[in-house]
Amino acid sequence: MKNLKLTRPLAFFDLETTGIDAGSDRIVEICILKVFPDGRRESLVERLNPERPIPAEASAVHGIYDHDVRDCPGFRERAATYLGMLEGADLSGYNVQRFDIPLIRREFRDIGTDLPMDGVRVVDAMTIYHRKERRDLSAAVRFFLGKELEGAHSAEEDVAATAEVLDAQLARYDDLPDTVEDLAAWCNPVREDAVDRSGKFVWKKKEIVFTFGKYRDQTLASVRDSNRGYLEWVLRSDFPDDSKVVVQAALDGRLPDPPKG
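Numbering (full-length UniProt numbering), first residue to last: 1 to 261.
A couple of the hints might just be wrong.
To be verified - Taking lysine to aspartate or glutamate and the EDC-like style, the derived pairs with C-alpha atoms no more than 16 Å apart in a straight line are:
1) K205 x D193
2) K34 x D14
3) K260 x E192
4) K204 x D217
5) K34 x D21
6) K206 x D217
7) K147 x D136
8) K5 x D90
9) K34 x D90
10) K34 x E46
11) K147 x D158
12) K5 x D38
13) K206 x E192
14) K244 x E232
15) K205 x D158
16) K2 x D38
17) K34 x E51
18) K147 x E164
19) K205 x E192
20) K214 x D110
21) K260 x E157
22) K132 x D118
23) K147 x D167
24) K204 x D193
25) K34 x E87
These are calculated hints, taken from the structure and not from any lab test. Please read these numbers as outputs of a predicted model, since none were measured by experiment.
Let's have the full structure, built from the sequences with the hints guiding it.
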């Protein structure tokens, strides 16, 4: 590290996983790069068998499929090695604070141990990027239109600038659709099998199935029958309104009919 002073090791790490839920998804690939104050480096990259099917949408992102990890070790078998590389080091990565650290700590807890975090300092490159590189309308005007936004936070100026930015975006990116219908679909992608717009629930074999949390891949009807309290918790929590409509319907005993075909 040329520009960062280290007083103890700094471990950069990244996880490829079965999904984006740090509370329930599993690791399919891990990479750790440990940088020491004297400049030495240790690195490790391994694939793991998550002991569950890898969803197609996850494989489409990281390119790792069930057959790629079928003969790989599970997390339990390699946990001691990972703990040895991470323990006693400060941690870094991209979005590690919100995703990678919570997920790997949960993996450790699932096998009866933990990654100690007392005194561990976390440097998240994504936090630096978001705080140092503005992503507001002024930045968009500068990037797409090559000028400064005059009268920022005046409603009239903001609206006019937004219209210009959108037109410039369409001119810049040839692959963007040029109809409102198609562009809205691009901005708000919905899975074909989704029950709700946010995709918290999907149709699978004519049953509504969770795509998140501890009941991932279980049917909504079975969870309603076994743990109504969990569904009531969803209603009280910060979930999209359309997802809550599905949950409320389940609690009321009026689940929608599956799509035909």
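Self-check item: Numbers of the earlier hints that this structure fails to satisfy, in rising order
Solution: Those not satisfied are hints 5, 15, 17, 21 and 22.
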